[in-house]
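**Q** Sequence:
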Amino acid sequence: MTSVFIAGSRKLSRLNEQVQKRLENVMAGSYMVLVGDANGADKAVQKFLFERNYRNVTVYCSGSVCRNNLGNWEGHHVEVDPKISGRDFYTKKDIEMAAVADYGLMIWDGKSPGTINNVLELVKRDKKALVYLSSLKQFLAVSSLEDINQLMSHCSDDDFKLITRKTGLNSKLRDLAQSNQHALGF
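Numbering-wise, the sequence shown is residues 29 to 214 according to the working numbering.
For the record, the hints were derived by calculation from the structure and aren't laboratory data. A portion of the hints provided could be inaccurate.
[Stated by the list, open to error] Within a straight-line C-alpha distance of at most 30 Å, the following computed DSBU-like cross-link-like pairs (lysine-lysine) qualify:
| id | residue 1 | residue 2 |
| --- | --- | --- |
| 1 | K165 | K49 |
| 2 | K75 | K165 |
| 3 | K71 | K49 |
With these hints in hand, go ahead and build the complete structure from the sequences.
**A** This is the structure:
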């Protein structure tokens with residue numbers, strides 16, 4: 029079964045009509061939804077799916093406790109070293125969802141480092157992501173280094189600096205560029 033990793037910014041707790049339409053397409057295709065347990069976009073997606081009684085959902089949680097599982101769906105608990113905390117703790121589940129999913133659907137406020145990290149994880153694995161950029165009110169397809177650079181061009185300088193610092197963006201982009209060169213035989 030085709031699976032879609034759906035995630036987004038914690039500051040986005042409402043799904044507009046454009047995003048809802050995409051979620052309806054996911055349901056119409058009977059795709060398996062992999063969603064996290066955070067407040068914000070994750071919880072809003074869960075609420076949308078729960079209200080429509082959609083059952084093809086797995087909620088990914090870092091550690092042994094899910095913060096949100098509104099539909100009482102199957103929970104997938106990702107083991108995390110107890111010494112890890114904060115952002116790094118929750119990133120573990122996201123990395124696993126990116127590894128397992130066939131595609132990504134991200135809902136991004138143009139500021140969230142975690143959402144960009146998810147996009148990077150998908151592209152690193154040669155998977156496509158569709159990113160809804162709330163500031164533009166449009167979707168952008170992301171499947172390459174060039175697409176990531178185009179997506180990042182919509183950030184303010186301050187947000188770009190913050191994302192770069194929190195995600196190690198420059199290093200990840202260099203790794204992705206080198207990976208692409210090796211794949212092309214350069």
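**Q** Out of the numbered hints, which ones does the structure contradict?
**A** none
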